[in-house]
Each structure stands twice: as structure tokens, then as C-alpha cells.
Amino acid sequence: MNEILTQEKSIYLQISEMIENDILRDIILEEEKVPSTNELAKLYAINPATAAKGVNILVDAAVLYKKRGIGMFVAKGAKEKITERRKKDFAADYIKRLVEEAGSLGITQEEIFAMIKGEYKNE
Amino acid sequence: MSKLECRGIGKKYGKKEALQQIDLTIESGKIYGLIGRNGAGKTTLLSIMAAQNPASQGMVMLDGENIWENQKALGNICFSREISPASGKNGIGSLRIKEYLKAAAIYLPKWDAQMAGHLIEMFALNPKQRMSKISKGMLSMVTIIVAMASKAEYTFLDEPVTGLDAVMRERFYQILLDEYADTGRTFVISTHIIEEAANIFEEVILLKKGCFFIKENTQHLMERALHISGRTEQVGEAVEGLVVCQEEIMGRSKGVTVLLEEGQTVKTGFEVTVQPVSLQNLFVALCGKED
Amino acid sequence: MGAIRYFARKAEEVVGLLFAISLACGLFFTLFGALEMRNNTIEYYIRTSFWYSIMMGAVMIFAMHLGNEQLNIPLSLSLGSRRKEVFWGIQNMNLLVILQVTIFLIIIQIVFPFLTQEIPFSINGLLLFGFLFLAGMGQICSAVSIRFGGKGNILFIAIIVVVVVNFVLGILQGVSVEENVFGFGVKVIWDARGLNFLMIAGSVLLYALSMWIFWKVLKRYEVRN
Chain A
2 MNEILTQEKS IYLQISEMIE NDILRDIILE EEKVPSTNEL AKLYAINPAT AAKGVNILVD
62 AAVLYKKRGI GMFVAKGAKE KITERRKKDF AADYIKRLVE EAGSLGITQE EIFAMIKGEY
122 KNE
Chain B
17 MSKLECRGIG KKYGKKEALQ QIDLTIESGK IYGLIGRNGA GKTTLLSIMA AQNPASQGMV
77 MLDGENIWEN QKALGNICFS REISPASGKN GIGSLRIKEY LKAAAIYLPK WDAQMAGHLI
137 EMFALNPKQR MSKISKGMLS MVTIIVAMAS KAEYTFLDEP VTGLDAVMRE RFYQILLDEY
197 ADTGRTFVIS THIIEEAANI FEEVILLKKG CFFIKENTQH LMERALHISG RTEQVGEAVE
257 GLVVCQEEIM GRSKGVTVLL EEGQTVKTGF EVTVQPVSLQ NLFVALCGKE D
Chain C
445 MGAIRYFARK AEEVVGLLFA ISLACGLFFT LFGALEMRNN TIEYYIRTSF WYSIMMGAVM
505 IFAMHLGNEQ LNIPLSLSLG SRRKEVFWGI QNMNLLVILQ VTIFLIIIQI VFPFLTQEIP
565 FSINGLLLFG FLFLAGMGQI CSAVSIRFGG KGNILFIAII VVVVVNFVLG ILQGVSVEEN
625 VFGFGVKVIW DARGLNFLMI AGSVLLYALS MWIFWKVLKR YEVRN
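As they're listed, the protein sequences go chains A, B and C.
Those letters in the first sequence? Residues 2 to 124, per my numbering, in order.
Those letters in the second sequence? Residues 17 to 307, per my numbering, in order.
Those letters in the third sequence? Residues 445 to 669, per my numbering, in order.
Chain A extracted, bound-state conformation:
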């Protein structure tokens, strides 16, 4: 929560990502209540329908579930689900861009592997 919205991506996607980040960081725990769409709307100065769209993505992904009359709650196993999905998207989000960028700079595969190895060594 409390991250700043950017223009780079659709607002509702940013909302769902922010909630996911909070779940991963244990800022919201499983079975805990997530802020309501009106609260999210006020916090980020966005239209509640947009906030709702972001929340619904997570409901569809079974990361959140709805308790009638009370609100949205983090589902059991949400953390794992999020991590799984992000792992799957890792290739599309990061690797693809890395390879494309490397290609336009003329960096070879071997050079990339060497760079990655070097990065792990530094850790």
C-alpha cells in the first residue's frame, strides 16, 4: 500500500499488484481483511470502479475471496499462488526484455551468462 501510481500501466493493474506486494511482504496476512474499494479509492484518489476492477482480478485468481457484507479477505495459500504466477511471468516480464535489450546492444549469450554469474558471485 501507499506506493505511488504511475502512468506506465493501467491503474487497476497497479492496484492488484500493490495488494499482491503487500501479501508477499506480510503486510497483509492470510485471512486478514483487505481495504475496501472505497478506502482504496480514497487512498489513491481514483474512481472506486477502477479499484474494484483491480480487486476483482485477485478474486478471479483466487488470491482474495469475498465475505458477504464484510469485505475482501486474503485467501489461504495466496502467497504461494502469487509467487507461482509471478515465477511464470518472470520469463515474459524480465527475460524477454533482457534478451531483446542485449540483442540491440550486441551482447552475446555467453556474455549474458557471464554477467549473471558475476551478479550471483557479488551476492
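Just so you know, these hints were derived from the structure itself, not from any lab.
What you are looking at is a predicted structure, and each value in this text was computed from that prediction instead of being measured.
Be aware that a few hints might be false.
Distance condition first, Cα-Cα at most 20 Å in a straight line; then the derived EDC-like pairs of lysine to aspartate or glutamate [stated by the list, open to error]: (1) C:K528 x B:E81; (2) A:K43 x B:E212; (3) A:K43 x B:E195; (4) A:K68 x A:E32; (5) B:K114 x C:E456; (6) C:K528 x B:E212; (7) A:K10 x B:E277; (8) B:K283 x B:E263; (9) A:K43 x B:D198; (10) B:K283 x A:E102; (11) B:K283 x A:E101; (12) B:K32 x C:E666.
Using the hints provided, position chains B and C relative to the given structure of chain A.
The following block gives chains B and C in isolation, referenced to the frame of chain A:
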């Protein structure tokens, strides 16, 4: 769901056509943004949608009933106009704030005096002051108070943040969202401060030179708008067949703003940068060439 | 409903203002009055205020319409009133002011019978239709103002100037209070004090005409910022 429909609305002032063939449906329960250049006809349209001025052609219907001189419809619509201090000596500007609000209380059937009082305090206004003697920002605050306290089902605001500093603008958006969350009232708000307000609007309506141009879900519209830049030839091939709103050329590079139609995409495989476009930039791209 | 209430309030404001000014003028002239002072100062004051009420009534019933076009009408319409309601609200305002002033004057004449020593009671009938006539004139000027802008206002001011000039000339001519207050105007009323049927009909017709003209213009009134 209730709705306010404009059917074939036209407005002529002498020979000048201020509005042409506007067909528009405002569905209840949403916050709409109305954007357009100065003189595009935003105020004229809002006046007609609130039955404050007659249309030259066409009509406005609220749930199937013509709103002109219709007491029921008028009781459900509030258009809080900009108060012009220039009406100074004898006009509306000569009133004190509390006199104006008293008149509002007489005319607006659902007036919430408590909310009005609360907002006066929040804005730190002195109700005894004459409206010709206060700043533009304070005049905006008065129009905001009337709009909010009217508790009207359909509420229109014409550039409500004129003269407000950034802090007060944020406060206005908060007040608006609070009220919307509490009541689900329908708001149509015209503004020039597009970027700030873009996230507040569920749908955005764009008027261009008196004509209806776009009415779309804001997020959806933003997803259709892209900026492609790179080498001129590459860009040209990547956007082939797409609707180009604006192009900038510098040396061998070119940047274009496109609006994708259903099912269209930017062609891949070219060395171009594809970026999303803000609503304000899209607006300028669409309306910038008018002069 | 709103417009009826709003303009009724305006009517009360006009009536209140009218009497306040009359009483003040009466006081002024009693204290610094004409050369011929009556022995009984209070009687003088009442007499003077009485005449001033009539004159101020005449002026204000006419002039209150000037404020309508610039303030009350755009205000009412911009707050969502129907034009029909604004129209009837203004007719009601005319009615309220005319009736209240006339009835008040009648009551004063009954309470202070010495007032009717010089002026017969039938003047009230004359006043009623005189006021009606002026209200009609006011409405017509208001309509002209709405339709043609500034030129209508010039008409307003011209008429008011004519009345004031009459009054001033009257003061310079006459010496005694009664003739002073109206001067030329009083002479006209004096001559007409046998309630002429033609005048009644004329007033009613003019007012009806003013209603028609005013409605036609009000129907198409454009609210602007």
C-alpha cells in the same frame, strides 16, 4: 438504472453553432469527466443537460421524460455554475455567500444544510463576505459547496477547481470520492486540469468544437492510446493502418500518438519504443490542431 | 414552489425598504421641512410620511423589476427553477407589494382621519390601479432589458429620472407640503380623483400586456455566467 439522455442536441447562437448533434447517455451512479478546449461547448452542454437553457434542437430525457420545464427532473439535477465576480455590482456576484446559500436552500429540494455548514468550515470561508470581493479559489469553493449539499441525483460541476491550489484540489477530490462512496450520486465534471482528475473519472467525455467526439471508460481509453517512437521509417511501418492522432518529427526520428481500434495492435518486430499515453497527452494529441 | 417563496421574500424586502425610506424621509422633512410648518409636528410627520409612502411605493414597484433581470431571474434559473414558476413568482411579488402598500395606506387613513380631510378616500382605488400600471411598466422594462440588454436599462433610468425631475420641479414650484411632495404628479392625481373607469381599464390592460410580453421573453431567457 436511471439515465439522462441527450438526443440530437444542437445549440445555435445567431449564426454560430455552439453544439451539433450531440447524442449522449449519462448513466446514473458514475463519475464522468467532461473535457474539451475552451469554447468547445462544455458549459453550453451542461446548461442544456440541466434544463437551465433551451436547446435549439433535440431534447434531453431523464428516464424517458423530457426535462425541459419539468419539475420532477429539475429536482433531480443540479448544475452548480461558475460564479462570475464580474456580475459584480448588481448580479449574482453582489450577494453574500450566506445569501447565495440561502437561495440554494430554497430552490434545491434535497438541500443538506448541515453538509453546507460543515464544508464552509472546512474551506474556512466567511459567509458574510460578498462574492464579488473574494478570490477565484473561494468562488470555486462556493460552487463546490452548492453542488455537494444539493444532494441531487445528477450533479454537474463546471471547472470546479479553478483557482484552487494543489492542496485544495486534492481535498476536493477526497470530498467528491467520499460523497460518491456514501451516496452513489452521478457526477459530471468539466475540467482543464486533466491529469489529476483522470483517475477520478470512471468515464471521460470529450467534446471537440461543439461535436461529440469520445465517450469511454477512462481506463479502457488509456489502454487504446499509445505513443510509438524511433526511426521514422520503422515507426511508419509499425503503425501502418492505425489511426494516428499526432506526429512529431525531429531529424531522423519520429514520434506518433495512435488510438487503437478494436482488435488492432502495433506491429511487432520493429525497433521502436512503445509507451502508454496519459489522458492529458492524448487530449492534446486529439485536439491540439484546432487553431 | 421555490420561486414563489423566493420572490415572496423579495416582495417583503421591497415593502420593508419602502416604509423605512418613507419614514426616514418624513422625519427628514419634518425636521428640516418646508417654510410653512404646521403647528402640530406629529401631524406634519404623519402627513409627510404618508405622501412619501405613496411616492416611494410608486417608484419601487416600478424599479424592483430592474433588480430582477440582473439578479433574481438568473439566480433562480441557475438554481434549477422552472421558468413558469419564476414567472408566477414575480406576478405574486407584484401582487404582494401592491396589496400590502395599498392596505397599509388605507389603514393609516382610517387611523389618522385627518389625512382624508384634503384627500378623499377614493384615492386608494386610484393608487391601487396606479401601482398596477407601474408594476406593468416595470415588467415591460424588465422584458426590454432582457431582450435588448442595456437599452432596456436606459429606459428604466429614463423613466425614473422623469419622475424625479417632476418631483423636484414640484418642490421648487409649490410651497405647502402636500403639493410639494408630488408637485406636478399631485396635480394630476388631484384632477383624476373621481376614479375614472378608463384609467382602471387602462391599468388592467397594460398589466395584462406586460404579463404576456414578459412571459414571451422569460421563456427564452439564457442563463450565462
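Structure-based check of each hint:
About 18 Å separates the Cα atoms of K528 (chain C) and E81 (chain B), which keeps this hinted pair within 20 Å; it holds. For the hint pairing K43 (chain A) with E212 (chain B), the CA-to-CA distance comes to about 14 Å; that is within 20 Å, so the pair holds. Distance check on the hinted pair: K43 (chain A) and E195 (chain B) sit about 11 Å apart at the alpha-carbon level, within 20 Å; holds. For the proposed pair K68 (chain A) and E32 (chain A), the alpha carbon gap of about 11 Å is at most 20 Å, so the pair holds.
Pair hint K114 (chain B) plus E456 (chain C) holds up; C-alpha atoms about 19 Å apart against a cutoff of 20 Å. The suggested pairing of K528 (chain C) with E212 (chain B) is violated, with an alpha-carbon distance near 41 Å, which exceeds 20 Å. As the CA atoms of K10 (chain A) and E277 (chain B) are separated by approximately 19 Å, the hinted pair is consistent with the 20 Å bound. With a C-alpha separation of about 17 Å, the suggested pair K283 (chain B) and E263 (chain B) falls inside the 20 Å cut-off, and the hint holds.
A threshold of 20 Å between alpha carbons decides the hint, and for K43 (chain A) with D198 (chain B) the separation of about 12 Å falls inside it, so the pair holds. As the CA atoms of K283 (chain B) and E102 (chain A) are separated by approximately 18 Å, the hinted pair is consistent with the 20 Å bound. Between K283 (chain B) and E101 (chain A) the alpha-carbon distance is near 16 Å, which keeps this suggested pair within the 20 Å criterion. Simply put, K32 (chain B) and E666 (chain C) have alpha-carbon atoms about 15 Å apart, close enough for the 20 Å limit, and the pair holds.
Of the numbered hints stated above, the single one contradicted by the structure is hint 6.
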